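Letter by letter, the chains look like this.
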Amino acid sequence: MDDLGARLARALGGRSAAVVGVGNRLRGDDGAGSRLAARLLAAGAAGVHDAETVPENYLGPLLAARPGVVLFADAADHGAAPGSVCLVRAGELAARGSSTHAPSLRLLAGLLEAQGASAGCWASSRPRRGSARS
Amino acid sequence: MLGIQPAATGFGEELSPPVAAAVAGAAGALAALLGAARPAEAGRA
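Note that the protein sequences, when read in sequence, are chains A and B.
Under our numbering, the first residue of the first sequence carries the number 1, and numbering increases by one thereafter.
Under our numbering, the first residue of the second sequence carries the number 1, and numbering increases by one thereafter.
Think of the hints as simulated: they come from the structure by calculation, not from any bench.
One should not assume that every hint holds.
[Stated by the list, open to error] Below, a sample of chain A positions facing chain B; criterion: calculated Cβ distance under 7 Å:
#1 Leu4
#2 Gly5
#3 Gly28
#4 Ala32
#5 Arg39
#6 Arg66
#7 Ala76
#8 Pro82
#9 Ser84
#10 Val85
#11 Leu87
Keep in mind it's a predicted model, so treat the numbers as computed, not measured.
Ideal placement from N, C-alpha and C gives every residue a C-beta, glycine not left out.
Just chain B, with the same shape it has in the complex:
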């Protein structure tokens, strides 16, 4: 249900900067809704 537009999906690549930012933003929003600590407080996954 939650889709993030990828920039590059080549083997061995890291997350691209815009997708990494989207992951962080979505994680923060979901953490707030699910009642978890904000991911930034819990450390980077």
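Isolated chain A, as found in the complex:
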């Protein structure tokens, strides 16, 4: 298992998992989470939601499914090289600065954790209008 696979395995901890892909596919890399979810759905993975820009619309299905952990996937500006992947817990969002999807993901994570699901999430970066990080 590669490094990311090992990190994900530790994060999921053998619990039942739901994956929520977030992002706007019309805005380049902002759609990374949505495209990730689409790939998983095409592969037949269960418990995956391609929420695009409206993750709050999936609160009902997530609460009904009662997964052990909810993994939000999104583009996230964490100051690393393009394509770098980070895994963080929902509680770390507040300390990571502002982002376009952070408020709704923080709210969702709080609601899910209040219902007993471990919700890790991350927020999208603000748009970098056509600029690539060097």
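Go by the hints and put chain B onto chain A.
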């Protein structure tokens, strides 16, 4: 919880190559953990 560092998020742009590779890698890792077929076998989304 899983964040991918973007390179460019301009309107109408495609995924940048490094982010596309990261999406493919993360999808493969998650598919293995979730018990799905590898995304490459299921076709490109």
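Now the hints, each set against the structure:
no., hint, in the structure
1, Leu4, "holds (5 Å)"
2, Gly5, "holds (4 Å)"
3, Gly28, "holds (3 Å)"
4, Ala32, "holds (4 Å)"
5, Arg39, "holds (4 Å)"
6, Arg66, "violated (16 Å)"
7, Ala76, "holds (3 Å)"
8, Pro82, "holds (4 Å)"
9, Ser84, "holds (4 Å)"
10, Val85, "holds (6 Å)"
11, Leu87, "holds (6 Å)"
Consistency note: the structure conflicts with earlier hint 6 alone.
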